[in-house]
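S.K.: Chain by chain, the residues run as shown.
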Amino acid sequence: MVIKEFRELSRDRRTVAMIVALPILLLVVFGYAANFSVDSISTAVLGPQAQQVESQIPDTFTIVQTDPDGDEETATDLLVRDVADVAIVTGAQPIAVYIDGSALFTAQAAVSAFNRLGDQVDVEVLFNPDLETSWVMVPAIIGLILTFIGTLVTAIGLVKERERGTLEQLAVMPIKPSTVILGKITPYFILASFDMLVVTLLGMWLFDIPFNGNPAVFALGAAIFLFVVLGLGVFISTISTTVGQAIQTAFFFVLPQILLSGMIFPLEAIPWGVRWISYLLPLTYFTEISQGVMLRGAPLDSLWLPFLVLTVMAVVVFAGAVLRFRRSLAPATPHARQKAAA
Amino acid sequence: MTVGVEDVTVRYGEVTALDCVSLVAESGQVSAIVGGDGAGKSTLLKTLVGRVTPDSGRVVAPGADRIGYQPARGGSWPDLTVAENMAFVAGMYGLSEAGAARRTDALLERAGLAQARDRLSSQLSGGMRTKLEFCLAMVHEPELLVLDEPSTGVDPVSRVELWRLLSETAASGTAVLMATTYMEEGERSSYVTVLEKGRILLEGPPAEVVAASPGVVFTTEKPTRPEFSWRHADGFREWWPVPPPDANHPVDVDLEDVTIVAVLRGEAEPAPQGGSQ
Numbered sequence: 001m002v003i004k005e006f007r008e009l010s011r012d013r014r015t016v017a018m019i020v021a022l023p024i025l026l027l028v029v030f031g032y033a034a035n036f037s038v039d040s041i042s043t044a045v046l047g048p049q050a051q052q053v054e055s056q057i058p059d060t061f062t063i064v065q066t067d068p069d070g071d072e073e074t075a076t077d078l079l080v081r082d083v084a085d086v087a088i089v090t091g092a093q094p095i096a097v098y099i100d101g102s103a104l105f106t107a108q109a110a111v112s113a114f115n116r117l118g119d120q121v122d123v124e125v126l127f128n129p130d131l132e133t134s135w136v137m138v139p140a141i142i143g144l145i146l147t148f149i150g151t152l153v154t155a156i157g158l159v160k161e162r163e164r165g166t167l168e169q170l171a172v173m174p175i176k177p178s179t180v181i182l183g184k185i186t187p188y189f190i191l192a193s194f195d196m197l198v199v200t201l202l203g204m205w206l207f208d209i210p211f212n213g214n215p216a217v218f219a220l221g222a223a224i225f226l227f228v229v230l231g232l233g234v235f236i237s238t239i240s241t242t243v244g245q246a247i248q249t250a251f252f253f254v255l256p257q258i259l260l261s262g263m264i265f266p267l268e269a270i271p272w273g274v275r276w277i278s279y280l281l282p283l284t285y286f287t288e289i290s291q292g293v294m295l296r297g298a299p300l301d302s303l304w305l306p307f308l309v310l311t312v313m314a315v316v317v318f319a320g321a322v323l324r325f326r327r328s329l330a331p332a333t334p335h336a337r338q339k340a341a342a
Numbered sequence: 001m002t003v004g005v006e007d008v009t010v011r012y013g014e015v016t017a018l019d020c021v022s023l024v025a026e027s028g029q030v031s032a033i034v035g036g037d038g039a040g041k042s043t044l045l046k047t048l049v050g051r052v053t054p055d056s057g058r059v060v061a062p063g064a065d066r067i068g069y070q071p072a073r074g075g076s077w078p079d080l081t082v083a084e085n086m087a088f089v090a091g092m093y094g095l096s097e098a099g100a101a102r103r104t105d106a107l108l109e110r111a112g113l114a115q116a117r118d119r120l121s122s123q124l125s126g127g128m129r130t131k132l133e134f135c136l137a138m139v140h141e142p143e144l145l146v147l148d149e150p151s152t153g154v155d156p157v158s159r160v161e162l163w164r165l166l167s168e169t170a171a172s173g174t175a176v177l178m179a180t181t182y183m184e185e186g187e188r189s190s191y192v193t194v195l196e197k198g199r200i201l202l203e204g205p206p207a208e209v210v211a212a213s214p215g216v217v218f219t220t221e222k223p224t225r226p227e228f229s230w231r232h233a234d235g236f237r238e239w240w241p242v243p244p245p246d247a248n249h250p251v252d253v254d255l256e257d258v259t260i261v262a263v264l265r266g267e268a269e270p271a272p273q274g275g276s277q
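Those protein sequences? They're chains H and E, same order as listed.
Here the first sequence stands for residues 1 to 342, where the numbers follow our numbering.
Here the second sequence stands for residues 1 to 277, where the numbers follow our numbering.
What the hints contain is simulated information worked out from the structure, not anything from laboratory work.
Owing to the predicted nature of the structure, the values given are computational and were not obtained by experimental measurement.
A hint or two may mislead.
Quick partial rundown of chain H residues pointing at chain E, CB under 7 Å, derived from the structure [to be verified]: (1) Arg164; (2) Glu168; (3) Val172; (4) Pro174; (5) Ala332; (6) Thr333; (7) Arg337.
Glycine is no exception: its CB is placed at the ideal position from the N, C-alpha and C atoms.
Just chain H, same shape as in the assembly (with noise of 0.2 Å):
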């Protein structure tokens, strides 16, 4: 018995991939990644004797920008589009400072620090002042919904029709492969938008979390996100055969999002060694997004590096992906068969 199952295990890559890379990843994110402290925040440093505050200022608060003519406005609208978390606006007494409450982490850190000061300065946490988790938790979870509902509800979604047989039988059907595509996919798009919807205005209802910024920027944001997503569902659909192996499969686009998207641990305290795996996941930017709309008011110019890299994730798996469905619906010529054969 032993013997025998031993024997299917290493037959079953998906199942060793899983007993093999599941406890090393989990052992480097918990290892170098689970840390909430923040050793670097990015500040600017404002009003007329901002070069002065520079010069004293600790290490730990990395200076992004100094600008002897910037005020409590501009301070603002550095945070608003998420130039620095904390901005020192000098010229009075106390001292201002601005601390992006919606980077969660850094901003207790910040908070903390400047208590340390007392009367010197007067500190405010903006877009989320009482450094509420669940503020910067909800627009996070919202990606994680739709990544769970696009990549894995729609692999399987997709493989059951494969698994079941009538995939082959929609392939004989007089309609383009692309309708079959298009018709796969858009319940689960919906779906998706549906839930997007629901999560965001009953966290908004349940815990009082504001929407400052433009509806339709968010919106825009999520759309190009489901597309990614979605693409993820597709692909995985078209290297599974099972139920089982989709889910599976799903596994390892999800987790590893999970963990290393910044919505349970800072990317500031994620090491530059696991972090870079951070930026090649759609959840960080779609965070990025959700985030910085909701509860900064950021601006759609502000985001347009996590917009670019989104819409260039999305353009490439999603095509990618529905191009390697297609080929499932096509028929097996000479040449796919050669190939599938090698």
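Given the coordinates of chain H, work out where chain E should sit on it, guided by the hints.
M.R.: For chain E alone, kept in the frame of chain H given last:
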């Protein structure tokens, strides 16, 4: 050439699934392709319906909208009701709502599924599901109906009902082509093609195939020609090219016997090409 394939060869890497196979599906007939697993039955049907492009040879088939196809696995959507399955497939073939409803009523009535129209496909018995899948393949009144092992795993009563449906369909002018592993279904068809390892072993009207089988078959307790003997019931059957001098108990052979004889003869004296009788 009417509907069919001509000198078709299909390879999967080093494996030749079909080796220069020709076949015609005549209108108004049930033609059966009989063979074991890996004989090439499904590949042949998939080639005919356009799912497999052959390495060489010619395929003549009506357009996709004139073909009804039931794949070997599945063919109906388990989470849809019988009526929803019919409506979906009818819609895919471009039938109007009224036309689809009329056709659905007629087919379900014929198949004895009228009372089950609101049941989920997953809740149907194997036999009922097979009949539903037949109805789905027939909803658009195709010229060519292609069924891949529709009766495998189906109880004998349902198989009889399925055959009634197939016969009625053929009688209405449709060319019915089905793959099966059951020899008796081959015998019931108008034209049988026996495939073995991608080659045609036997073909023709079943009675003619049986009649044309060379030699004689005897029952025996103790085989004297092991390479031409096979178990049958409590004893053995043995093939001889001419009756042996002391032979007893010659038997009336059926399609199964002549297929076994053809396979054994092929193994004893491999044909350089083809292998058809």
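S.K.: Determine which of the earlier numbered hints do not hold for this structure and return their numbers in increasing order.
M.R.: Every hint satisfied by this model.
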